[in-house]
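Construct all of the structure, not just a fragment, from the sequences and the given hints.
Protein chains in written order, with the working numbering: chain A, 69 to 383; chain B, 69 to 383; chain C, 69 to 383.
Quick caveat, the hints were computed from the structure, so don't treat them as lab data. Relax, there's no trap hidden among the hints.
As a list, the in silico DSSO-like pairs of lysine-lysine whose alpha-carbon atoms are at most 27 angstroms apart:
(1) K247(C) with K140(A)
(2) K92(C) with K105(A)
(3) K105(A) with K105(B)
(4) K92(B) with K105(C)
(5) K105(B) with K92(A)
(6) K140(B) with K140(A)
(7) K140(B) with K247(A)
(8) K247(B) with K140(C)
(9) K105(A) with K92(A)
(10) K140(C) with K140(A)
(11) K105(C) with K105(B)
(12) K105(A) with K105(C)
(13) K140(C) with K140(B)
None of these values were measured; they are calculated from a predicted model.
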Amino acid sequence: MQHFRNVQDVPDIQALVDLAFACKQDPRHLHGLGTGKTLGMVMLNPSTRTRISTQLAARHLGMEVVVFNADKDGWALEFGEDVIMNGTTVEHIREAAPVFGAYFDVLGLRSFPALQDAAADQSESILQQFVRYSGVPVVSLESATLHPLQSLADLMTIQALFQEKRKPRIALSWAPHMKPLPHCVANSFAQWITAWGGADFVIAHPEAYALDPAYTAGAEIVHDQQKALQGADFVYVKNWSATEPYGTMPCSDPSWMLHLDRLDITNNAHVMHCLPVRRNLELGADILDSTHSVVVQQASNRVWAAQAVLSQLLN
Amino acid sequence: MQHFRNVQDVPDIQALVDLAFACKQDPRHLHGLGTGKTLGMVMLNPSTRTRISTQLAARHLGMEVVVFNADKDGWALEFGEDVIMNGTTVEHIREAAPVFGAYFDVLGLRSFPALQDAAADQSESILQQFVRYSGVPVVSLESATLHPLQSLADLMTIQALFQEKRKPRIALSWAPHMKPLPHCVANSFAQWITAWGGADFVIAHPEAYALDPAYTAGAEIVHDQQKALQGADFVYVKNWSATEPYGTMPCSDPSWMLHLDRLDITNNAHVMHCLPVRRNLELGADILDSTHSVVVQQASNRVWAAQAVLSQLLN
Amino acid sequence: MQHFRNVQDVPDIQALVDLAFACKQDPRHLHGLGTGKTLGMVMLNPSTRTRISTQLAARHLGMEVVVFNADKDGWALEFGEDVIMNGTTVEHIREAAPVFGAYFDVLGLRSFPALQDAAADQSESILQQFVRYSGVPVVSLESATLHPLQSLADLMTIQALFQEKRKPRIALSWAPHMKPLPHCVANSFAQWITAWGGADFVIAHPEAYALDPAYTAGAEIVHDQQKALQGADFVYVKNWSATEPYGTMPCSDPSWMLHLDRLDITNNAHVMHCLPVRRNLELGADILDSTHSVVVQQASNRVWAAQAVLSQLLN
Numbered sequence: 069m070q071h072f073r074n075v076q077d078v079p080d081i082q083a084l085v086d087l088a089f090a091c092k093q094d095p096r097h098l099h100g101l102g103t104g105k106t107l108g109m110v111m112l113n114p115s116t117r118t119r120i121s122t123q124l125a126a127r128h129l130g131m132e133v134v135v136f137n138a139d140k141d142g143w144a145l146e147f148g149e150d151v152i153m154n155g156t157t158v159e160h161i162r163e164a165a166p167v168f169g170a171y172f173d174v175l176g177l178r179s180f181p182a183l184q185d186a187a188a189d190q191s192e193s194i195l196q197q198f199v200r201y202s203g204v205p206v207v208s209l210e211s212a213t214l215h216p217l218q219s220l221a222d223l224m225t226i227q228a229l230f231q232e233k234r235k236p237r238i239a240l241s242w243a244p245h246m247k248p249l250p251h252c253v254a255n256s257f258a259q260w261i262t263a264w265g266g267a268d269f270v271i272a273h274p275e276a277y278a279l280d281p282a283y284t285a286g287a288e289i290v291h292d293q294q295k296a297l298q299g300a301d302f303v304y305v306k307n308w309s310a311t312e313p314y315g316t317m318p319c320s321d322p323s324w325m326l327h328l329d330r331l332d333i334t335n336n337a338h339v340m341h342c343l344p345v346r347r348n349l350e351l352g353a354d355i356l357d358s359t360h361s362v363v364v365q366q367a368s369n370r371v372w373a374a375q376a377v378l379s380q381l382l383n
Numbered sequence: 069m070q071h072f073r074n075v076q077d078v079p080d081i082q083a084l085v086d087l088a089f090a091c092k093q094d095p096r097h098l099h100g101l102g103t104g105k106t107l108g109m110v111m112l113n114p115s116t117r118t119r120i121s122t123q124l125a126a127r128h129l130g131m132e133v134v135v136f137n138a139d140k141d142g143w144a145l146e147f148g149e150d151v152i153m154n155g156t157t158v159e160h161i162r163e164a165a166p167v168f169g170a171y172f173d174v175l176g177l178r179s180f181p182a183l184q185d186a187a188a189d190q191s192e193s194i195l196q197q198f199v200r201y202s203g204v205p206v207v208s209l210e211s212a213t214l215h216p217l218q219s220l221a222d223l224m225t226i227q228a229l230f231q232e233k234r235k236p237r238i239a240l241s242w243a244p245h246m247k248p249l250p251h252c253v254a255n256s257f258a259q260w261i262t263a264w265g266g267a268d269f270v271i272a273h274p275e276a277y278a279l280d281p282a283y284t285a286g287a288e289i290v291h292d293q294q295k296a297l298q299g300a301d302f303v304y305v306k307n308w309s310a311t312e313p314y315g316t317m318p319c320s321d322p323s324w325m326l327h328l329d330r331l332d333i334t335n336n337a338h339v340m341h342c343l344p345v346r347r348n349l350e351l352g353a354d355i356l357d358s359t360h361s362v363v364v365q366q367a368s369n370r371v372w373a374a375q376a377v378l379s380q381l382l383n
Numbered sequence: 069m070q071h072f073r074n075v076q077d078v079p080d081i082q083a084l085v086d087l088a089f090a091c092k093q094d095p096r097h098l099h100g101l102g103t104g105k106t107l108g109m110v111m112l113n114p115s116t117r118t119r120i121s122t123q124l125a126a127r128h129l130g131m132e133v134v135v136f137n138a139d140k141d142g143w144a145l146e147f148g149e150d151v152i153m154n155g156t157t158v159e160h161i162r163e164a165a166p167v168f169g170a171y172f173d174v175l176g177l178r179s180f181p182a183l184q185d186a187a188a189d190q191s192e193s194i195l196q197q198f199v200r201y202s203g204v205p206v207v208s209l210e211s212a213t214l215h216p217l218q219s220l221a222d223l224m225t226i227q228a229l230f231q232e233k234r235k236p237r238i239a240l241s242w243a244p245h246m247k248p249l250p251h252c253v254a255n256s257f258a259q260w261i262t263a264w265g266g267a268d269f270v271i272a273h274p275e276a277y278a279l280d281p282a283y284t285a286g287a288e289i290v291h292d293q294q295k296a297l298q299g300a301d302f303v304y305v306k307n308w309s310a311t312e313p314y315g316t317m318p319c320s321d322p323s324w325m326l327h328l329d330r331l332d333i334t335n336n337a338h339v340m341h342c343l344p345v346r347r348n349l350e351l352g353a354d355i356l357d358s359t360h361s362v363v364v365q366q367a368s369n370r371v372w373a374a375q376a377v378l379s380q381l382l383n
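Take a look at the structure:
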């Protein structure tokens with residue numbers, strides 16, 4: 069594995085999940101693989117779970133870690149081609165990326181979308197410029213359109229909790245929010261679940277919130293939440309902003325928020341969320357405080373997902 | 069020791085002080101106890117000494133350390149019960165704490181009081197929610213009402229400097245300031261000195277600045293600074309805000325600020341302060357620049373205090 | 069070497085450069101020298117390369133590293149003598165420095181000039197107070213007037229790229245910018261190149277931009293950029309603010325910005341810059357994207373320069 073930007077970078081999804089379970093079984097699995105190697109985590113945006121879990125994972129492998137809050141500790145970065153840098157940006161990616169590449173053996177990058185222009189975000193130009201100019205393996209710590217470390221941890225969580233012979237039924241259900249959010253977690257979850265192929269997968273969202281078909285091909289898509297919940301073994305709750313028009317929030321219908329009684333029609337579903345979650349706005353506290361919630365397990369699995377991915381990038 | 073929030077969490081004060089001295093004697097004392105263990109330091113407020121000394125202490129034990137500036141690196145936390153999270157807070161403690169508990173073996177928490185409502189601060193609800201929901205040992209890095217790592221270092225400092233057979237006379241003297249400060253250091257010092265019981269202890273402050281009797285029981289309390297200084301072996305200088313009304317600053321009488329000549333009536337006293345200290349506002353520079361000042365020793369002892377405490381939480 | 073503030077602290081420049089090359093050859097050179105020792109990096113200003121390269125260097129030696137963003141993580145520092153601290157500063161250097169000295173074996177300090185008063189900046193009072201009050205070896209991570217870790221890396225870069233018997237011709241050429249910048253990199257480069265003595269050294273800048281003669285003695289100084297470029301083996305491009313009046317920007321003539329065709333009269337020069345560089349404002353992107361540019365090598369050599377310096381401070 070050369071980089072880790074999306075599921076297509078992964079040669080064998082199940083092998084990677086299995087490796088993550090091996091790390092969970094023994095945190096010192098592959099310890100020493102990272103000796104003398106350094107992970108640089110370049111954070112252009114805030115992060116809690118991704119930041120901490122990836123640090124822990126790298127240390128498990130014996131890597132050094134340098135976290136660089138690029139927005140606070142250093143200089144504002146410029147990504148435009150052929151610009152005259154007489155504005156607020158101080159350093160161009162074409163200098164910054166090779167310098168990071170000189171310092172680090174593996175480069176992590178956290179970079180949110182602007183949500184202004186769908187094509188711009190879909191180009192993943194910031195992440196791709198880090199790949200292009202750094203010269204070292206790059207691991208996405210969430211990019212403009214995807215969040216693959218989250219999805220790998222989500223898939224671990226599903227496999228750990230569901231061990232029947234049949235395929236689980238998984239519903240990804242849009243939730244209300246007060247401000248327009250990126251599509252990363254939803255896109256990425258859809259991409260991984262469909263690529264994995266081990267589930268019956270349904271996505272429910274209001275009109276205007278269609279995810280990019282590049283990620284959802286193979287999933288059933290409905291606008292009736294009840295229909296998605298019916299018989300679900302897992303319900304992944306997540307808000308994302310509209311795609312028509314892109315980055316807006318035409319609907320924030322609170323009836324899309326799940327409460328405990330709405331789970332009656334599920335198959336005693338496990339409820340997932342990537343966190344942070346706004347209680348009683350995205351998801352009822354009654355669910356979060358119940359045994360339906362597996363959000364802490366998901367967060368906990370982030371460590372082993374990152375450890376598996378870093379180990380592959382070190383190889 | 070399950071948690072370290074206040075002196076009541078400590079089974080044997082003198083044993084803990086002695087352990088801190090053993091760490092000072094040999095920084096590698098108990099090294100290896102922390103191997104494979106991680107300390108997470110969740111900082112909701114700024115910190116210099118506590119931040120650095122606790123990091124160093126954890127490394128002495130062989131622990132990994134992750135410092136998380138929750139206010140800057142991550143998301144604003146919500147602590148209210150049953151709220152609809154449609155405001156500025158992004159993540160609830162009921163998700164955040166168990167996630168931290170999943171990532172870390174010991175959790176440090178820095179959280180200042182709001183100084184708006186005495187009962188709210190005294191409830192220590194933020195610290196207690198971290199204890200309740202994280203599921204791991206919690207060490208206070210200063211909370212709403214107390215600062216026990218400071219007090220343990222203070223007690224070390226006193227014992228190192230005073231080796232006569234009689235009890236030392238210790239005065240805690242209120243000092244002027246320009247803005248209302250928490251009561252934590254003063255409360256905590258009073259709590260530890262009275263619990264220790266090895267000193268004649270007097271507290272001097274203007275009317276309206278009475279500390280919570282829960283912490284000062286056993287101390288002599290006076291409003292005449294001269295009386296407190298008389299014969300003192302140690303003078304602990306500290307500002308705190310009024311308690312009547314709570315969190316205000318009805319008196320900022322500059323005559324409460326100590327200068328060198330005011331020490332004449334002491335027993336050649338050692339002058340203590342937790343730092344940071346505002347020179348010539350809280351305490352005269354002439355004292356700070358004299359051999360009376362032991363503020364650097366106090367700060368230095370913070371390392372060994374933290375090392376002793378962490379070692380007990382690891383056991 | 070007791071401290072590392074400028075070239076005068078270095079007993080033997082070439083020996084230090086050679087040591088840096090030895091570290092580059094083997095990153096684990098002198099590993100173990102730092103075992104049980106801690107580097108504290110006190111950052112009063114932003115930093116990318118210095119921050120990361122110094123961390124990496126310290127870890128190569130086996131040192132622990134604590135990075136302390138003093139402006140964000142802690143309290144605003146006061147440097148004035150005899151002040152009444154009733155303003156925005158919370159802690160005085162006379163307490164902070166000895167506390168850092170108690171915590172750390174080596175102290176790094178990053179502190180930019182105010183560019184208000186030449187004499188004040190030239191006094192290097194912040195750096196010197198850290199030296200005076202901390203009691204431990206201090207390494208400049210860029211101070212008010214100099215940036216010696218950068219210059220050592222620059223000298224390595226020159227020596228690695230130029231191996232003819234004759235002296236290289238080195239031009240330091242002022243470049244336009246949109247805001248007044250410190251003189252540190254230019255001063256320091258001039259100081260190191262003249263002290264080294266191994267080059268024909270010319271400095272080109274517009275009138276009013278004369279560097280301090282304390283650093284440039286021995287260099288040829290011209291106001292005609294063409295004259296400086298003629299036959300140059302290396303061109304170091306850098307903006308700095310005027311000295312008459314100090315800290316202003318009377319000229320920002322864009323014709324001082326180099327483009328590729330301007331290098332025709334050089335000896336196929338290597339083009340240097342300390343980074344960050346504003347493309348097409350300070351330096352043409354056509355040069356930065358060409359093989360003339362050695363800016364990434366310079367940045368990369370920062371690690372080995374810091375490793376050599378730290379090793380000498382540990383001795």
